[in-house]
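For the sequence shown, position 75 (counting from the first letter as 1) is numbered 75 according to the numbering used here, and the numbering increases by one without interruption.
To be clear, the hints were calculated from the coordinates, so they are not data collected in a lab. Keep in mind it's a predicted model, so treat the numbers as computed, not measured. Incorrect hints may appear among the rest.
Simulated crosslink set (SDA-like; lysine to any residue; CA at most 20 Å straight-line) [said to hold, decoys possible]:
id, residue 1, residue 2
1, 115, 156
2, 111, 133
3, 197, 187
4, 59, 9
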Amino acid sequence: MTAAAVRTHLVEVEFKGNRRAFFTFEGDAPPPARAAVIVQVERGEDLGRVHATGELAEKRKAGTTHGKAAPADLPRVVRLASKKEVDTAVRLRADEDAVRRAALEFVRELKLDMKVSDAEWQWDRRRLTCYFTAEERVDFRELVRRLERRFSTRVHMWHIGVRDEARRLDGIGRCGRQFCSSSWLPELRPVKSSSAKDQRLSTLNPAQISGTCGRLMCCLRYEHEFYVQSRKRFPKEGKVLVTALGEEKVVSNDIFRDLVTLRTAAGEPRTIPLAQLRKELGDGALPMEDEPTRDEESGDEELVPLARAEAPAPPATAMPRRPER
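Let's have the full structure, built from the sequences with the hints guiding it.
Spelled out as structure tokens, the structure:
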């Protein structure tokens with residue numbers, strides 16, 4: 001292959017805990033999805049799997065925080081990983097539970113108010129990262145020293161929030177499906193309490209609309225636009241309409257089945273299709289639902305139903321929190 005024939009491809013690579021980052025790959029074609037690759041990192045090399053390439057990778061880079069924050073000169077995919085290199089990564093994954101147990105032991109000995117959630121070896125063992133949550137600032141310098149002595153490598157402590165913890169550890173939500181944050185959501189964005197209000201869920205027990213992390217469920221955000229658009233077609237609840245039966249009050253709307261429940265002046269309820277209601281009203285204006293609160297730029301604070309606050313920014317000794325790579 002001549003130098004002129006070499007093409008550069010954008011590749012999004014996924015690592016343990018749904019951590020992702022962008023790299024470049026030189027070749028006739030990008031590596032296939034889920035292929036194991038060795039990539040350049042800040043110190044040495046790491047092994048991950050191809051998550052996206054081509055147009056999809058370009059869209060994800062432009063539309064995600066970790067993509068927009070990527071450096072102008074992206075690191076590169078060094079090569080496709082061999083079976084031996086993949087086997088090395090598998091052994092490291094197996095060793096990480098022992099790392100976490102050792103970290104927990106040291107945390108108890110040092111009486112540190114923190115929770116070590118996960119540990120991750122870099123493929124070349126030049127770096128070991130421990131992920132933790134904490135509600136207060138923690139001085140873990142002695143913890144780092146002990147871990148570095150135990151494992152003979154550079155140790156980084158990474159402060160994450162409860163949402164990031166759930167994403168890393170994965171699990172099954174109350175819907176019976178894998179966590180959206182782990183399976184397909186490109187990044188975690190704040191979920192506003194106004195989203196629950198617009199979806200008529202704010203009156204529920206907070207635990208019913210909270211995820212395993214104790215925060216509002218991610219689906220409240222990405223389903224919000226559906227409710228915004230759907231409710232525009234319906235009459236406002238509480239309004240009195242003049243229908244074929246006379247004056248009737250709008251009791252409720254079913255946006256999924258296109259049904260409207262009305263109540264006559266005599267107190268008799270009836271449920272009819274939205275299309276039928278429009279015919280009965282004829283040329284009369286249909287008083288629509290109020291415009292729901294737009295969630296994108298809302299200043300409302302995120303509801304914390306189970307009183308679990310996001311961990312504050314780590315101290316100077318901690319690595320700053322950042323979006324998933």
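Quick check: which numbered hints come out false for this structure?
Violated hint (a single one): 3; every other hint is consistent with the structure.
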